[in-house]
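Enquirer: Residue numbers (numbering that gives the first Met the number 0): 0 to 139.
Simulated from the structure, these hints should not be mistaken for laboratory data. For clarity, every value in this text was computed on a predicted model and none was experimentally measured. Backbone N, C-alpha and C fix where the C-beta goes; we use that ideal spot for every residue, glycine too. Hints are not guaranteed to be accurate.
Just the calculated beta-carbon pair ranges, DEER-fashion [stated by the list, open to error]:
| no. | residue 1 | residue 2 | range |
| --- | --- | --- | --- |
| 1 | Y129 | W104 | 30 to 36 angstroms |
| 2 | N66 | K101 | 39 to 45 angstroms |
| 3 | K31 | Y137 | 30 to 36 angstroms |
| 4 | S34 | L96 | 37 to 43 angstroms |
| 5 | K31 | T98 | 35 to 41 angstroms |
| 6 | P43 | T98 | 32 to 38 angstroms |
| 7 | G52 | T113 | 17 to 23 angstroms |
The calculated lysine-lysine pairs, modelled on PhoX-like cross-linking and capped at a C-alpha distance of 20 angstroms, are [what the hints assert, rightly or not]:
| no. | residue 1 | residue 2 |
| --- | --- | --- |
| 8 | K11 | K97 |
| 9 | K126 | K11 |
| 10 | K11 | K94 |
| 11 | K11 | K124 |
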Amino acid sequence: MKVHGYAWEAVKVETEDGYTLTTFHVTGKVQKDGSVVTREATEPPVLIQHGLGCDAATWLWLYTHGNPLILQLYDEGFDVWLGNNRGTEYCQEHKSLKTSDKEFWMYDWAEMGTYDTPANISMIKEKTGYEKILYLGYSQ
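Using the sequences plus the hints, can you model the full thing?
Expert: Encoded structure:
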């Protein structure tokens, strides 16, 4: 996001079944002097989830002109959060398993919907105080 002039933070989220997800939160705009200008969201939080075989960084490539959708949403006042599912480059932690353990990889798409998405939604609701959030996703 810094390439586009935006700042972000990585937020760790633990799922009920022990996976640690890294969710990205757009936090502001980077100025020419390197400082970051933040703002209060005027629209609700939105969790944006990548598709099959991708990760949150994919959203930075999906545009033809101007800024990617995620940054346009930030500019329109939304509180933008980017989810990463277990097993992606950004989510290779578990409270008791290592990535070298066969059991680490013994999950399917159902667990992503059962554990990953709810964990992200709960974390965002807790951090923002919103009871409901928006969700944008595809392919899963």
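Enquirer: Check the structure against each numbered hint from earlier and tell me which ones fail, lowest number first.
Expert: none
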